[in-house]
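Number of protein chains: 2
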Amino acid sequence: MALSNSNTSETLTEEQIIAMVGAASAKQAPGLSMGIGDDAAVLEPGLGKACVTTDLLVEKVHFDLAYITPHDLGLRAMAANLSDLGAMGAKPAFAFLSLGLPKSPARKFVQELLQGLNRLGQDHGLILAGGDTVRSPMVTLNICLIGYCKGYEPILRATAQKGDAICVSGNLGASRAGLFWLQNGGSPHDSTAQKAIAAHLRPLPRVNLGLTLAQNGLVNSMMDISDGLATDLARLCRASGVGASVWSDHIPMAQITRGLAAQAAQDPLDWALTGGEDFELLFTCPPGNLVEIKEKAQKAEPGLAITQVGEITQENGVFLELPQGETREISLTGFDHFKQEPA
Amino acid sequence: MALSNSNTSETLTEEQIIAMVGAASAKQAPGLSMGIGDDAAVLEPGLGKACVTTDLLVEKVHFDLAYITPHDLGLRAMAANLSDLGAMGAKPAFAFLSLGLPKSPARKFVQELLQGLNRLGQDHGLILAGGDTVRSPMVTLNICLIGYCKGYEPILRATAQKGDAICVSGNLGASRAGLFWLQNGGSPHDSTAQKAIAAHLRPLPRVNLGLTLAQNGLVNSMMDISDGLATDLARLCRASGVGASVWSDHIPMAQITRGLAAQAAQDPLDWALTGGEDFELLFTCPPGNLVEIKEKAQKAEPGLAITQVGEITQENGVFLELPQGETREISLTGFDHFKQEPA
Chain V
1 MALSNSNTSE TLTEEQIIAM VGAASAKQAP GLSMGIGDDA AVLEPGLGKA CVTTDLLVEK
61 VHFDLAYITP HDLGLRAMAA NLSDLGAMGA KPAFAFLSLG LPKSPARKFV QELLQGLNRL
121 GQDHGLILAG GDTVRSPMVT LNICLIGYCK GYEPILRATA QKGDAICVSG NLGASRAGLF
181 WLQNGGSPHD STAQKAIAAH LRPLPRVNLG LTLAQNGLVN SMMDISDGLA TDLARLCRAS
241 GVGASVWSDH IPMAQITRGL AAQAAQDPLD WALTGGEDFE LLFTCPPGNL VEIKEKAQKA
301 EPGLAITQVG EITQENGVFL ELPQGETREI SLTGFDHFKQ EPA
Chain D
1 MALSNSNTSE TLTEEQIIAM VGAASAKQAP GLSMGIGDDA AVLEPGLGKA CVTTDLLVEK
61 VHFDLAYITP HDLGLRAMAA NLSDLGAMGA KPAFAFLSLG LPKSPARKFV QELLQGLNRL
121 GQDHGLILAG GDTVRSPMVT LNICLIGYCK GYEPILRATA QKGDAICVSG NLGASRAGLF
181 WLQNGGSPHD STAQKAIAAH LRPLPRVNLG LTLAQNGLVN SMMDISDGLA TDLARLCRAS
241 GVGASVWSDH IPMAQITRGL AAQAAQDPLD WALTGGEDFE LLFTCPPGNL VEIKEKAQKA
301 EPGLAITQVG EITQENGVFL ELPQGETREI SLTGFDHFKQ EPA
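Top line first, the protein sequences correspond to chains V and D.
The opening position of the first sequence corresponds to residue 1 in the UniProt record's numbering, with each subsequent residue numbered one higher.
The opening position of the second sequence corresponds to residue 1 in the UniProt record's numbering, with each subsequent residue numbered one higher.
Chain V with its partners taken away, still in its complex shape (with noise of 0.2 Å):
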């Protein structure tokens, strides 16, 4: 869909598009005394620990309008800073966003942003409560999230223990396999690549999932994972004081991941390893609690897998066994965003 739009009637104001916002969002809820349209948002006292999370993502950085939807944009938007939410167990409650658009954008693509925002979002009990419009050259979205632990503690992922299972909900890599599919002009319609497609431009924030964990005490750290085991793993190893030892042989992959990684001729390991925006769930927990947290799990999130892929160790560093019985470190060979590209 055009951004812009050359027939007048169809691009927004400063004050049109204000006012859609304005209308996604809620004036007053439940926790909420003042919703958009002040200086800022008035929040109810009294709801427990507040989790706050914030992500900003930029046209041409972390997305493409030539393969992306402005419904699936706000959508995944909103499921990265869910994640975030799910990742502390946090129930989500508020939303703030800013929104930089170019000029005279078209109201159709305003609108469709803002469905597929709200549309994640209010699955998961979340309200827009505020947030800013202006003027940018890039489509440029930032997301800040409230949520609270109400009777519970949020979990950090500081808190790995020597001994822990570390276990992945999901599989991985399939974020990287769309992308990779969607970057060498495969289409976003393809049939046999819809699974890796979804996975990269309509990933599912496993809230329920954090929420179940966290409010049941079965898990010792967790995260999620937004740029790739190694890296995120490593973070974990690294505020915990710990170590990990990861089993290749047990990183979960979908077919589809094995597929296009076969078709071009990359290694599907180093998808799962390094491809991030996977967005599932990272945690460590006593080995004994698995059987529960399976059983939870599937009751928070039918069909979702759990998997163990390794555990904590006392010394630092991360390192992957291979089935060979090599040993190679992973930590930090994810993706760094600000990394020169080669001259």
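Any given hint might turn out to be false.
Intra- or inter-copy, both count: the list cannot distinguish identical chains.
Unchecked claim - SDA-like, lysine to any residue: derived pairs with alpha carbons at most 20 Å apart:
#	residue 1	residue 2
1	K150	G31
2	K27	E44
3	K27	E153
4	K27	A158
5	K27	A239
6	K195	N118
7	K108	V291
8	K294	A66
9	K27	R238
10	K27	T159
11	K150	E44
12	K108	Y67
I should point out that these hints are in silico values taken from the structure, not numbers from a laboratory.
As the structure is a prediction and not an experimental result, all values here were calculated from the model.
Given chain V, work out where chain D should sit, using these hints.
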């Protein structure tokens, strides 16, 4: 200062930027049980009603690195947000920074930006509690602030009453005068234009004034002036279901604003009404409160003028009363960030 630097020893990786933002942030503080370094920050409950505001700033739209230093950029971004908390009468508490930077940003740029952000933040008791760093072709900053009103109500813009005095703090149009100077090739270091330049590059948010007005229950409605008195007063009136009469010869303007306008053959009144980004407070109050307000304001922000510029009326619309007895409607004549340039 060069944003990128071909000397690679001076440019930063993502982990280095995260570490720098981490060093500028709090891990733990009163009310903050987990600061930067996890999927989300964790705030303790029980601090009162929370006011949340978010603002997005994009290079070339909101600032030009040709004439703003990284330090002043950080300070200005924080000022714009603090101004919103001031306009609610909330006490600043926590900041969440999303930072978009081009590839291989220079260490000095990031360092000075964070210093500018934190300098103004610390003046107001604000703690950097979380954030996100990403790559972006344009320098992009989103700041989300949380402040609290403990034991008193935040002041909304929707509660102006017929007969209220309309007041502004400080003087209007100086930021626009400074921007005009800079955009037309004036030196950022010129001593004669310094007050206007400072008003644009280093505005002072009226947090202490807003706090004292709210805590003492002296005003009926309040907001900050970010898009110009004409547009912002029209918003306040629309939200309150009232109108306004503005006395043109009472609008406070600095000598430098009049001087630069005369030099540029511009109307200083136009700058004061539609210039925007003054970050002064606009509030309405029972006329009988004016004396106490001025006394309290002197204690909160010594030397800051409070000026009545008109009164709230019953009929819709904002009308400017000119000295010749003429009246002009000025609702919504301010800056539209999305207005199309003439073809």
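Which holds for K150 with G31 at a C-alpha limit of 20 Å: within a copy, between copies, both or neither?
both (13 Å within a copy, 16 Å between copies)
When no copy is specified for K294 and A66, does a C-alpha distance of 20 Å or less occur within a copy, between copies, both, or neither?
neither (39 Å within a copy, 56 Å between copies)
20 Å Cα threshold - placement of Y67 relative to K108
For K108 and Y67, the Cα distance is within 20 Å only inside one copy (17 Å; across copies 37 Å).
When Cα atoms must be at most 20 Å apart, do K108 and V291 count as within-copy, between-copy, both, or neither?
neither (48 Å within a copy, 51 Å between copies)
For K150 vs E44, is the C-alpha pair at or below 20 Å within one copy, between two copies, both, or neither?
both (14 Å within a copy, 11 Å between copies)
If the cut is 20 Å between Cα atoms, do K27 and A239 qualify within a copy, between copies, both or neither?
For K27 and A239, only the inter-copy Cα distance (12 Å) is at most 20 Å; the intra-copy one is 39 Å.
Regarding K27 and E153, is the shortest C-alpha distance of 20 Å or less found within a copy, between copies, in both, or in neither?
between (30 Å within a copy, 17 Å between copies)
Identical-chain pair category, K27 with E44, by Cα at 20 Å
Within one copy only: 13 Å inside, 25 Å across.
Are the CA atoms of K27 and T159 at most 20 Å apart within a copy, between copies, both, or neither?
between (39 Å within a copy, 15 Å between copies)
From the Cα coordinates, with 20 Å as the cut-off, is the pair K27 and A158 best called within, between, both, or neither?
Answer is between; shortest inter-copy Cα gap is 12 Å, intra-copy 37 Å.
Between copies, within a copy, both or neither: which fits K195 and N118 at Cα up to 20 Å?
The answer is neither: 23 Å in one copy and 45 Å across copies each exceed 20 Å.
K27 and R238: within-copy, between-copy, both or neither at 20 Å Cα:
Answer is between: at 15 Å across copies they meet the 20 Å cutoff, but 42 Å inside does not.
When held up to the earlier numbered hints, the structure conflicts with 6, 7, 8 and fits the remainder.
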